[in-house]
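Visitor: Spelled out, the chains give:
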Amino acid sequence: DIVMTQSPDSLAVSLGERATINCKSSQSVLYSSNNKNYLAWYQQKPGQPPKLLIYWASTRESGVPDRFSGSGSGTDFTLTISSLQAEDVALYYCQQYFNTPHTFGQGTKLEIK
Amino acid sequence: EVQLVESGGGLVQPGRSLRLSCTASGFAFGDFAMSWARQAPGKGLEWVGFIRSKAYGGTIEYAASVKGRFTISRDDSKSIAYLEMSSLKTEDTAVYYCTRAHGDYLYYFDYWGQGTLVTVSS
Chain A
13 DIVMTQSPDS
23 LAVSLGERAT
33 INCKSSQSVL
43 YSSNNKNYLA
53 WYQQKPGQPP
63 KLLIYWASTR
73 ESGVPDRFSG
83 SGSGTDFTLT
93 ISSLQAEDVA
103 LYYCQQYFNT
113 PHTFGQGTKL
123 EIK
Chain B
75 EVQLVESGGG
85 LVQPGRSLRL
95 SCTASGFAFG
105 DFAMSWARQA
115 PGKGLEWVGF
125 IRSKAYGGTI
135 EYAASVKGRF
145 TISRDDSKSI
155 AYLEMSSLKT
165 EDTAVYYCTR
175 AHGDYLYYFD
185 YWGQGTLVTV
195 SS
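Those protein sequence lines, which keep their order, are chains A and B.
Okay, so the first sequence: first residue is 13 according to the numbering used here, each after it adds one.
Okay, so the second sequence: first residue is 75 according to the numbering used here, each after it adds one.
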């Protein structure tokens with residue numbers, strides 16, 4: 013199974029500042045045949061289901077604010093929030109869909125400093 | 075508008091069975107794979123399994139933790155996906171989410187239901 017490890021486990025950032033969450037996979041999730049990274053990011057607010065933010069490592073889902081961006085390739089990925097807003101307080105998860113079982117990172121809790 | 079509504083959760087004794095349903099609307103249900111994920115209280119997300127669309131063979135895959143105990147099925151005529159859970163264990167206690175799975179044979183999850191709580195306890 014591919015193990016997804018996020019860092020840090022929790023993060024406190026001031027409003028308007030940049031927030032960066034990292035995700036590392038135990039093996040590459042890049043398919044050489046189509047040059048796509050099978051990596052997604054989700055946001056989960058308290059009492060709500062997860063919401064898809066990013067897929068193919070860097071493609072923003074429709075309706076997601078452009079302050080959210082994804083980057084990386086192979087085994088190392090980053091979710092960046094360019095200017096933190098109060099409504100971004102949430103848990104964030106990465107997920108690989110390179111193979112089964114599809115696995116999630118342990119989550120990163122993002123708070124306001 | 076895509077909607078996924080889970081039902082069937084509740085309190086069940088260890089060793090017993092329970093069936094969850096996921097009623098979908100707002101999209102061509104038969105064209106998509108459907109997946110289940112779960113989240114134990116205060117814990118992270120765990121993929122449970124998915125069922126592919128008929129166009130991709132309707133095949134099913136499961137997490138090792140549930141394989142042989144859980145069964146995923148679908149009724150395209152009713153736009154419903156099911157999760158049949160048997161031989162339930164206390165560690166199966168979780169909120170179970172139905173998700174629409176986007177992709178060909180491997181999936182990210184673009185829509186999630188609100189979830190239904192399953193509590194396994196004597």
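Everything labelled a hint here was simulated from the structure, so no lab data went into it.
Even for Gly, the Cβ is constructed at its ideal location relative to N, Cα and C.
There may be inaccurate statements among the hints.
Unchecked claim - Now the stretches of chain B that chain A is said to cover, found in silico as 3 or more residues with beta-carbon under 8 Å:
id : segment
1  : 113 to 120
2  : 177 to 183
3  : 186 to 192
Stated by the list, open to error - In silico DSS-like cross-links for lysine-lysine, where the CA-CA straight-line distance does not exceed 30 Å:
id : chain 1 : residue 1 : chain 2 : residue 2
4  : B       : K141      : B       : K163
5  : A       : K63       : B       : K117
6  : B       : K141      : A       : K36
Unchecked claim - Just a few of them, taken from the derived set where beta-carbon distance is under 10 Å, the chain B residues facing chain A:
id : residue
7  : S139
8  : Y156
9  : Y171
Visitor: Give a verdict on every hint.
Guide: Outcome of the hint check:
Under a criterion of three residues with beta carbons nearer than 8 Å to beta carbons of chain A, the stated coverage of the segment 113 to 120 of chain B is upheld, 3 such residues being counted. A stretch counts as covered by a chain when three or more of its residues have a beta carbon under 8 Å from one of that chain; for the segment 177 to 183 of chain B and chain A the count is 5, and the coverage holds. A count of 4 residues in the segment 186 to 192 of chain B with a Cβ less than 8 Å from any Cβ of chain A is obtained; the coverage claim is therefore met, three being the minimum. For the hint pairing K141 (chain B) with K163 (chain B), the CA-to-CA distance comes to about 13 Å; that is within 30 Å, so the pair holds.
Among the hinted pairs, K63 (chain A) with K117 (chain B) is consistent with the structure: their alpha-carbon atoms are about 17 Å apart, no more than 30 Å. For the given pair, K141 (chain B) sits about 27 Å from K36 (chain A) by alpha-carbon distance, which is consistent with the 30 Å threshold. The closest approach between the C-beta of S139 (chain B) and any C-beta of chain A is roughly 9 Å, which is under the 10 Å cut-off, so the hint is satisfied. For Y156 (chain B), the interface hint is violated, since its Cβ never comes within 10 Å of a Cβ in chain A; the closest pair sits about 19 Å apart.
Taking 10 Å as the C-beta contact cut-off toward chain A, the hint placing Y171 (chain B) at the interface holds, the least distance being around 6 Å.
This entry does not satisfy hint 8, going by the numbered hints stated previously; all others are met.
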